[in-house]
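Sequences listed follow chains A and B, in order.
Residue numbering for the first sequence is 333 to 555, as defined by my numbering.
Residue numbering for the second sequence is 333 to 555, as defined by my numbering.
Hints are computed from structural coordinates only; laboratory data are not their basis.
Quick caveat: nothing in here was measured; it's all calculated off a predicted structure.
A hint or two may mislead.
Stated by the list, open to error - Simulated restraints on C-beta separations:
hint: 1; chain 1: A; residue 1: V555; chain 2: B; residue 2: P530; range: 23 to 33 Å
hint: 2; chain 1: B; residue 1: R374; chain 2: A; residue 2: P409; range: 44 to 54 Å
hint: 3; chain 1: B; residue 1: D518; chain 2: A; residue 2: A524; range: 48 to 58 Å
hint: 4; chain 1: A; residue 1: R360; chain 2: B; residue 2: P530; range: 30 to 40 Å
hint: 5; chain 1: A; residue 1: R351; chain 2: B; residue 2: S469; range: 44 to 54 Å
hint: 6; chain 1: A; residue 1: G527; chain 2: B; residue 2: V555; range: 49 to 59 Å
hint: 7; chain 1: A; residue 1: P409; chain 2: B; residue 2: R391; range: 25 to 35 Å
For glycine and all other residues, C-beta sits at the position ideal for the given N, C-alpha and C.
2 protein chains.
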Amino acid sequence: MASSGAETGRIGRPPRLSRAAIISAAQRILEQDGPEGLSMRRVAKELSSTAMSLYHHVRDKDELLLLLLEEHARRTPRPALPEAPRERLVATACHLHDVLADCPWIVEVLTSDDLTAVSALWMVEGILDAAVGCGLSPEQAVHVYRSIWYYTAGEILVRAGRNRRYAELDRPAYRDQALAALDPADFPRLSALAGQWPELTLQDTHRQDIQAIVDGLLQQAGV
Amino acid sequence: MASSGAETGRIGRPPRLSRAAIISAAQRILEQDGPEGLSMRRVAKELSSTAMSLYHHVRDKDELLLLLLEEHARRTPRPALPEAPRERLVATACHLHDVLADCPWIVEVLTSDDLTAVSALWMVEGILDAAVGCGLSPEQAVHVYRSIWYYTAGEILVRAGRNRRYAELDRPAYRDQALAALDPADFPRLSALAGQWPELTLQDTHRQDIQAIVDGLLQQAGV
DNA sequence: ACCTGAACACCGTTCAAGT
DNA sequence: ACCTGAACACCGTTCAAGT
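Start from the sequences and build out the full structure, keeping to the hints where you can.
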């Protein structure tokens with residue numbers, strides 16, 4: 333047969349770039365330089381191309397980030413989940429957390445739309461279904477999902493911010509200054525904890541927290 | 333007496349800019365153009381000055397944002413709080429949420445450090461104290477505070493993102509496309525809810541959610 | 001001490017032109 | 001159809017020079 337362009341029935345110059353190539357270039361950059369390093373210009377350079385050529389394959393940077401999340405979710409294996417709806421609800425929510433916590437670059441996408449990536453939607457479906465399985469109405473189930481989502485997004489975003497800050501060693505932390513200057517008479521609890529604060533805030537309690545949210549909301553709903 | 337420069341015992345050119353002037357210029361910009369409009373260059377222009385002159389009064393943009401939060405928290409009146417520790421815990425956490433929700437520009441600060449602004453720390457102290465009043469150890473109290481903080485930060489950040497997105501009317505929402513294309517056989521819950529999704533996610537349930545977190549965590553702690 | 005202009009090292013995106 | 005260079009309209013921040 334003829335060239336690949338003819339095969340697909342298209343005319344004109346055959347593409348040198350592709351969505352797949354762009355995504356894997358972006359992944360390479362994320363691995364090497366982290367999320368701060370990811371720019372359209374940088375991706376183009378990685379492909380020995382120009383920033384503008386990318387716009388023929390992705391609508392904008394947001395779409396590129398969404399595609400990256402899509403890939404990440406697709407690659408992450410689905411865990412075995414418990415049968416009982418209440419345990420399944422918590423387990424799915426924890427898995428959702430873990431999938432996202434695994435890629436700190438996701439931070440920018442988290443607040444844009446609530447988890448649009450199609451390959452991640454089975455988790456949303458799973459949480460809703462388990463919540464209904466617990467005896468909630470569909471509307472109540474959405475409420476539970478949304479609360480879990482807010483907590484999860486916050487946990488990951490705040491943690492990522494904390495890590496970014498610790499990475500910049502040169503800048504003296506505002507918080508340490510502020511906590512040290514506090515009058516123990518006005519802030520007895522904070523002052524007593526000042527020393528342990530960093531280690532206490534680094535602890536990962538997301539499983540317990542999600543359990544607490546689920547327990548609390550199910551109790552409110554009276555099921 | 334002599335000039336204000338001599339009065340303060342300093343020498344050299346008297347300052348034309350000041351922290352206070354910079355802060356109020358920034359507030360004006362936030363009111364008019366929102367958080368996207370706030371840049372060092374824009375603040376300088378508002379003061380008929382150059383971006384660089386600002387750096388004599390604030391260390392960097394982060395410090396400026398912190399000063400803005402400080403001001404906002406100072407201006408917000410402290411509410412009357414219930415005596416009973418459990419109710420006080422929830423009420424203080426809700427107030428914390430409301431203070432921050434009141435200024436969407438805060439978003440950028442939220443993830444940097446956990447609420448360093450001194451004039452906002454009484455809320456952290458209040459939450460810790462109420463948690464201890466419920467019978468928790470100081471360490472457990474920090475856990476409760478941190479969980480509330482994650483939820484609150486997430487709620488505000490995701491909401492702010494949603495509003496930003498709705499403001500850009502021209503861009504077709506990826507989510508609506510994605511939800512519409514779902515196979516109802518694979519995603520029965522999501523498909524059934526697709527139509528109501530926007531209105532359901534706009535509901536504000538933060539009071540119930542915070543109550544649920546508190547209830548759930550206190551129950552876990554066995555108090 | 002305080003302010004300035006110019007420069008550095010970036011962004012995402014649009015547009016008209018090339019092949 | 002696909003890719004390009006140049007340009008637009010921005011960023012935060014540093015640095016050497018001015019008053």
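Item checked: C-beta pair B/R374, A/P409: status relative to the range 44 to 54 Å that was hinted -> Check passed, 47 Å falls within 44 to 54 Å.
Item checked: Verdict for A/G527, B/V555 (Cβ pair) under range 49 to 59 Å -> Once the Cβ atoms are compared, 25 Å apart, the range 49 to 59 Å for B/V555 and A/G527 is violated.
Notebook entry, point to check: Taking the beta carbons of B/D518 and A/A524, is their distance inside 48 to 58 Å?
Noted result: Between B/D518 and A/A524, where Cβ atoms are some 53 Å apart, the hint holds.
Check: Is it true that the C-beta distance of A/P409 to B/R391 lies inside 25 to 35 Å, as the hint says?
Finding: violated, 46 Å
Check: When you take the CB atoms of A/R351 and B/S469, is the distance between them in 44 to 54 Å?
Finding: At roughly 53 Å between Cβ atoms, B/S469 and A/R351 fall inside 44 to 54 Å, so the hint holds.
Check: Per the hint of 30 to 40 Å, is the separation of the Cβ atoms of A/R360 and B/P530 within bounds?
Finding: Given a distance of about 37 Å, which is inside 30 to 40 Å, the answer is holds.
Notebook entry, point to check: Using the C-beta atoms of A/V555 and B/P530, is the stated range 23 to 33 Å upheld?
Noted result: For B/P530 against A/V555, whose Cβ atoms are near 26 Å apart, the range 23 to 33 Å holds.
Checked against the numbered hints listed earlier, the structure breaks hints 6, 7; every other hint is satisfied.
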